[in-house]
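**Student:** Each chain, letter by letter, is given below.
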Amino acid sequence: MSANGDTPLLEVEHVKQYFPVKSGVLIDRTVANVHAVDDVTFSLREGETLGLVGESGCGKTTLSRTVLRLLDPTAGRIRFRGADITRAGRRAMRPYRREMQMVFQDPFASLNPRKRVAQILGAPLRQRGVRGADVDREARDLLDRVGLMREHINRYPHEFSGGQRQRIGIARALAMSPKLVVLDEPVSALDVSIQAQIINLLEELQDGLGLTYLFVAHDLSVVRHVSDRIAVMYLGRIMELSPAGELYDKPIHPYTQALLSAIPIPDPRENRARRRIVVAGEPPNPIQPPPGCVFHTRCPRATEVCRTVVPPLTEYAGGHLAACHHPLNVTREEIAAATISDASPETAGQVKPDFVPAGEGGDERAPGSGGAAAVEA
Amino acid sequence: MSEPILEIDHLQVEFRTDEGVVHAVDDVSLTLAAGEVLAIVGESGSGKTVTAMSLLGLNRSPNATFRGSARYRGTQLLTASEDELRAIRGAEMAMIFQDPMTSLNPVQRIGDQIAEQILAHEKLTKAEVRDRVVELMDRVGIPRAAERARAYPHEFSGGMRQRVMIALALSCSPSVLIADEPTTALDVTIQAQILERLKELKDETGTAIILVTHDLGVVADIADRIAVMYGGRIVEEGTVDEIFYDPQHPYTWGLLGSITRVDRDRGERLPSIAGLPPSLLAPPEGCHFRARCPHEFERCGQGPPLEDRGAGHPDRCWLTVEQKRARRVVDDGEIGLAAKVAVEASPEGLVDRRETPPGAPSRVAGDAGAAEDARVAEEDR
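Chains as they are written, first to last, in this note's numbering: chain A, 1 to 377; chain B, 1001 to 1381.
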């Protein structure tokens, strides 16, 4: 995707993750598949943060687990530093495991309540080959690094608050000196003032250690704050992938726009001033995803083509990708200059989107999108 | 505003525990008028849920002590008998709980659960109840209501279950609806639908809403008035515009400053409030926010009363309005934590304790400081 020659840290190509739905009394027959992740392609450069957003059930957590090879992908290819790890076995995965770590959502459930911090941090340190007194020293250093007191080493998880526990979870991930850290909703269980502390900590650690983050979250405001690029998922597919600022200023996919518009802005006047688009309904069943564009059942701009043809991921200027037949906020020229991306699903159509002039087809203003302002008088 | 239907006066709630007495709510006074939306905001443990639960007698226990008064249309809620409360709960004041996943009975059909609530307060025939249930489910936006009434909670998504909770709460057209984090467990698009629905209901029926939440976005969207709670106390109370555009308490500044906003770019570090909320087992003397406040000075040792200090709405901070307005950072229309200006000349001997920004970068292992610490640790051993 990027023009420079060096290999991205992580490459995910046309990955599918289906879960079988079984039925039958004596013999389990697979009667259907949950299409949790359906042909997703993206890559992560070293030191960058990719935000992965979407509603619950869109497959963002499944995708993050597949990427870490905690699940065996149904199809596709995953490369870590150029090495294909799609089918690597336990033993073959071991050296890579150290380099890819995860921080979980629930700081209360993700730490063993019967182990002291020393043991929680000691296990990964020993795994990495640290021995003897160094284990204790490094564990204390880790605590220091994540903003806890070195003396806390002998405490149990229940003696900490939610924010502090999340710090321990982060320290545990760092114990392996990882390259890639998958953060699965790392702040959504925390209070706002504590969220800010943890977000700041994550950014400091990234700057200090050159970490690469895959930041999975449903909260678009948090994601905007931490990410370089953002991928919006819906029903197992990537709807839009773009540099962070651009996604918010110029959302191309109607789903992204709806998602942004649904977020209340903590500013009463601005909130009153903007027009909200409330999309009706809920995401469809991933066992039988709708044909064509998966969002067409809720989309205000949907037409016949959306119901039949899977929209290709189209690459607009500046590495902004979107899969929509009727894109928003782009000019006729921009569409003409756009190309169909390699990241496009294999089943997608090959026809570039058409141009819909602003003001037609349910075009509404999204937060910060200055381009679509209505002309009056 | 019209006459208040709910008046809370100097409410105090304490719980005796093995570790001591928890002062969960300390001197909370609030009023609620018909058709009004009052938001109680604060972090976990600030006493907002306890305040709401006390109104319905949901947290009564031998270990709980309630002082002060909470009147609903003349009924003293704190001392009301269980029978009196039962008549009020559901019919007059209803509650929506935070977690739609655990608040419904998993082995009872949705429709039956709503019917049970209706029958507890009204005498209706089977057919009438059935119609009412379907109508309620329809009103909160559950598609194919007649059919869905026969479903069990596990067949519903989170958003749909929260709608069921709202249908339950609305089943007897209450005058007061207490919504405890009603949208926290939901996705944003569903949250937007639920908020729209709540607004419509308020306009249609004149139901007053107490919204307990930590999400200031939701508050900005739907509330008329806001009470900010910290450490069991209200630290500031005012209209939505007063709290967002003229906040008086340093805690409110911190709260407003530390939220990530979808309409703002990836910027500098987020201003965050250093430290943790106080333990309510032994709340600090004086102002509860003292230990985390960059503007603390001697007088904070005495607890400031909640009063209007000239801003037009009451707060609990000793600083004068002028001092507050000078210290609060308002740049680019955004209110951030005042720590940024804390280094500026401090009038009248106000102590400035914070030299580094909150949550200053932790030392990088291998630098001098860490090496020093490591040596000290070695020696300790």
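If you're looking for bench data, these hints aren't it; they were derived computationally from the structure.
Any given hint might turn out to be false.
Facing chain B, according to a computed beta carbon distance under 7 Å, are these residues of chain A, among others [what the hints assert, rightly or not]:
no., residue
1, S56
2, L70
3, T74
4, I199
5, S221
6, V222
7, I263
8, P264
9, P266
10, P268
11, N271
12, V279
For each residue, glycine too, the CB sits at the ideal point set by N, CA and C.
**Student:** Hint compliance check: list the failing hint numbers for this structure, sorted ascending.
**Tutor:** Of the numbered hints, 2 and 3 do not hold.
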